[in-house]
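**Q** What follows is the residue order along each chain.
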Amino acid sequence: MDDLLREFLTESNENVLRIEQEMVLLEQRPGDKELLGSIFRSLHTIKGTCGFLGLQRLEKVAHAAENVLGGVRDGALAPTRDLVGDVLAAVDVVKDILEGLERGEDDPTGDDEVVIGLLSRWLGGGPSTEPEDFDHLFRAAANTRPAPCEPVVAEERTPSGSPSLPRADSAPEPATALAEQTLRVDVGVLDRLMDLAGELVLVRNQLTQTGRHDRESVVSMPVQQLNRVTSELQDVVMKTRMQPVGHAWATLPRLVRDLCSASGKRIELVLRGAETELDRQVLQAIRDPLTHMVRNSADHGIESTAERRAAGKPELGRIVLDSFHEGGHIVIEIRDDGRGIDVARVRAKVVERGLATAEAVADMPDPRIFSYIFEAGFSTAREVTAVSGRGVGMDVVRRNIQKIGGTVEVTSVSGQGTTFRIRIPLTLAIMSALLVGVRGQSFAIPQIGVLELVRVGAAAGGQVDEVNGVFFLRLRDELLPLVRLDEVLGFVPGDTVTGYVAVCRAGAARFGVLVDAIHDTHEIVVKPAGRMFSGVRPYAGTTILGDGRVVMILDVSGIAQSSEVLSRSQLDHGWMESTAGEATEDAREALLLFDAGSGTPGAVPLSRVARLEEFPLRDIEWADGRWVVQYRDRLLPLVVVGDGSVMNDQDPRQVVVLFDETGAVGLVVDEVLDIVDHSMALESRSVTPGVVGAMVVSGRATDLLDPDHYLRQGRAGRSAGHPPPGRERSRPARTRTRGSAR
Amino acid sequence: MTAAPPTGVDQAAWASGLVTFRVHGQWLGVPVARIQEVLAGQRINPVPLSPRGVEGFLNLRGRIVTAVDLRAVLDLPPRSGSRGVMNVVVQREEELFALVVDAMGDVLQVTEEEILPAPSTLDAVWRACCAGVVRMDEGLLVALDVDALLGGVNPD
Chain A
4 MDDLLREFLT ESNENVLRIE QEMVLLEQRP GDKELLGSIF RSLHTIKGTC GFLGLQRLEK
64 VAHAAENVLG GVRDGALAPT RDLVGDVLAA VDVVKDILEG LERGEDDPTG DDEVVIGLLS
124 RWLGGGPSTE PEDFDHLFRA AANTRPAPCE PVVAEERTPS GSPSLPRADS APEPATALAE
184 QTLRVDVGVL DRLMDLAGEL VLVRNQLTQT GRHDRESVVS MPVQQLNRVT SELQDVVMKT
244 RMQPVGHAWA TLPRLVRDLC SASGKRIELV LRGAETELDR QVLQAIRDPL THMVRNSADH
304 GIESTAERRA AGKPELGRIV LDSFHEGGHI VIEIRDDGRG IDVARVRAKV VERGLATAEA
364 VADMPDPRIF SYIFEAGFST AREVTAVSGR GVGMDVVRRN IQKIGGTVEV TSVSGQGTTF
424 RIRIPLTLAI MSALLVGVRG QSFAIPQIGV LELVRVGAAA GGQVDEVNGV FFLRLRDELL
484 PLVRLDEVLG FVPGDTVTGY VAVCRAGAAR FGVLVDAIHD THEIVVKPAG RMFSGVRPYA
544 GTTILGDGRV VMILDVSGIA QSSEVLSRSQ LDHGWMESTA GEATEDAREA LLLFDAGSGT
604 PGAVPLSRVA RLEEFPLRDI EWADGRWVVQ YRDRLLPLVV VGDGSVMNDQ DPRQVVVLFD
664 ETGAVGLVVD EVLDIVDHSM ALESRSVTPG VVGAMVVSGR ATDLLDPDHY LRQGRAGRSA
724 GHPPPGRERS RPARTRTRGS AR
Chain B
28 MTAAPPTGVD QAAWASGLVT FRVHGQWLGV PVARIQEVLA GQRINPVPLS PRGVEGFLNL
88 RGRIVTAVDL RAVLDLPPRS GSRGVMNVVV QREEELFALV VDAMGDVLQV TEEEILPAPS
148 TLDAVWRACC AGVVRMDEGL LVALDVDALL GGVNPD
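Note that the protein sequences, when read in sequence, are chains A and B. Quick note on numbering: the first sequence equals residues 4 to 745 in the working numbering. Quick note on numbering: the second sequence equals residues 28 to 183 in the working numbering.
Quick caveat, the hints were computed from the structure, so don't treat them as lab data. Errors might be hidden in some of the hints.
[To be verified] If you want a taste of the chain B side facing chain A, the calculated C-beta under 8 Å gives, among others: (1) W54; (2) P78; (3) R79; (4) T93; (5) A130; (6) D133; (7) V134; (8) L143.
Backbone N, C-alpha and C define an ideal beta-carbon position, used for all residues, glycine too.
The following block holds chain A by itself, in its conformation from the complex (with noise of 0.2 Å):
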């Protein structure tokens, strides 16, 4: 492809693009005579470039739909929603043409007759004409104000010089027309450009520091202009990269229009913010779920009209989004005034799925009820109407923003609409870093996953405790289960548990990382590791020192998952998260409590427990290796509690079903007593296999069990160490010795 097609076709592109949106903008607005003239212009370009490069095919349709809009500039024709309908559907072709040139196709064939026909019904299939008299709108569209809704920058453009990375230019200011002060840079060229900045700020920083030792040196004064002179280039060189956030979502006005269309709702999108500016790559990263939660809101957030009209509302629907910063983050919300997420029936199918009991359901606050919509396949299409929609490819959502450091919530009231609101960094390419110490060795964590440092060993505050080889750290009267960052890395551990431990968070749980020392924190720029470590887990990426020293920066929740201390459902919403998220001290959580047949009331959190079920004893079955029933079409294994039996004199047996992401166990119990709300602080910690701690519930000692333990002996496929003497129906062993405990 010659250079001189590449460039009609990126240019031609962003002119599609931009006709678009002021054709939506057009419908709502008839009357404004700028907004024609831009469109006009941009139509203009392509039809002009494709005349002179000899694309017959493009100019043709490119001049109908110009017809049309000559026939609305002179008042001739009304830009109803019909007309603007079929100029849309010539963009399409357009669209397509243009896609067909990208793929290599010299001029792709195709039937335009039908389009063509549409659009010359509105002039009467009459001759067209020619619309050359367009100056007028040029210049009126050049000096004025953009309208305040209207996405980015499409006054300032030039015909031949429309900016691929435009500044903030889209802040209302008079431009000047005509002239070249934009220019499309290759994004790879930015990107070395980026590195080369940071090389020199390695460079500024080994001579500041020979500088140091001689103040008086000739060099000194030329050395702190370099300083300076470098920081404002790194700064400048960051710019460039930066995009209004409003590239993000220049596809949603038609979007929403055409659903519009389609479904016969009213719906008025009002974009806020625009101009606020991201990273590419975020910007990049961001588009998809942007789209995603827009049409969903589109789709089932807003009522029909005769819906909305029976609320009590106007007809006219609302979906905002609004983007702002705050705290070094970007924040983008959409909301919508529509019917908002019916609790109720999510509550029903959490319970439904299996994710959670009724009775946990019952007492979670609602906005924990809410994020299940971000569940995977929480909502299939047949659920779709059955939970407002919401949730269809969701997780997708979630998952992809989170893949860039960032976070989604939902609130919604019912009748009132749903807001979704996404936190994301800035930029990926440059984060503040703590750098620790292991062994010798310097890595660094991105400082947003890091909540504080807490020095642990002999003398040292932090106090650490072992339960059956993991390490715990009790902060505050929390416990926190402890990653050794040398064991992650490779190393064999030390004996003792010294050092520093970084109270870091993955999701919504959090956990301890422990490291030999603690050095400083970094803005480092982010480089990728390579293909040879995509595999590699505990790493998100390389970065280079001020001292030219090259060091891996970690990936806090793959160490987590590396090192198994967190299960991926508590990294998702596990039952940390209530101890983690309300900053409270005496954070309280829901327990499942037991008689386990040990004496001790056994409890578990209710999080962890999707339902309660009972099996009678001939339903209970020994194949591969282990206890099992038949459950949903899928082998349940059964595990008991300490050294008790899967069988015994009850019968029907009752069952505690826990989860997490990988299955399902079933803790087999002789009887269930009571839900409870109660502080998760222990009284003392266990050193039994399968129990964290004791503590005191409703005046009785109660041994607080690790839900994972279980799952892990499930999936291990041994029974708790019990293979089946000669398949012993009834175990006389050790049943209801609890009569004292009671």
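Since the structure of chain A is already known, use the hints to place chain B on it.
**A** Chain B alone, transformed into the frame defined by chain A:
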């Protein structure tokens, strides 16, 4: 001997000559065109959990370069000390790699006829990344197929 050059040999690349270097006494070569630069005395930052053959990263004017220990890749005994280590920087699919070698030799001009196919008796590890051999006064030189060599280094 008429040598139909072995597969994987880019004629144009060979025409510019081979940069030669030595690893554990063995002469190796890579086409000049594949080489970005040759560096001496670079600090290599080791990385725990590296795939076998990866020695760590080095910083080449702000670009991250993955250092590949040819001794490990070619199943040779490990180097004793780091004295006289050289880094031959090559590019593969936008990524930079430094082949860590013992010493550099001259650039060798070879004609098509001088390139012999890899002997079938060559060790499988070697044969996988051998683009051909060239007879020299000091012994046989193994021309490396850089892509095959680096493609063989994978995370475990």
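**Q** If a hint holds in the structure, say so; if it doesn't, say that too.
**A** How the hints compare with the structure:
A least Cβ separation of about 26 Å between B:W54 and chain A goes past the 8 Å threshold, and the interface hint is therefore violated. A cut of 8 Å between beta carbons decides the hint on B:P78: the least distance to chain A is about 5 Å, and the hint holds. A cut of 8 Å between beta carbons decides the hint on B:R79: the least distance to chain A is about 10 Å, and the hint is violated. Of the supplied interface hints, the one on B:T93 holds, with its beta-carbon coming within about 5 Å of a beta-carbon of chain A, less than 8 Å.
The closest approach between the C-beta of B:A130 and any C-beta of chain A is roughly 25 Å, which is over the 8 Å cut-off, so the hint fails. Given hint, B:D133 at the interface with chain A, is violated; its Cβ is 30 Å from that chain's nearest Cβ, farther than 8 Å. Violation of the interface hint for B:V134 is found here, the shortest Cβ-Cβ separation to chain A being roughly 28 Å, above the 8 Å cut-off. Taking 8 Å as the C-beta contact cut-off toward chain A, the hint placing B:L143 at the interface is violated, the least distance being around 31 Å.
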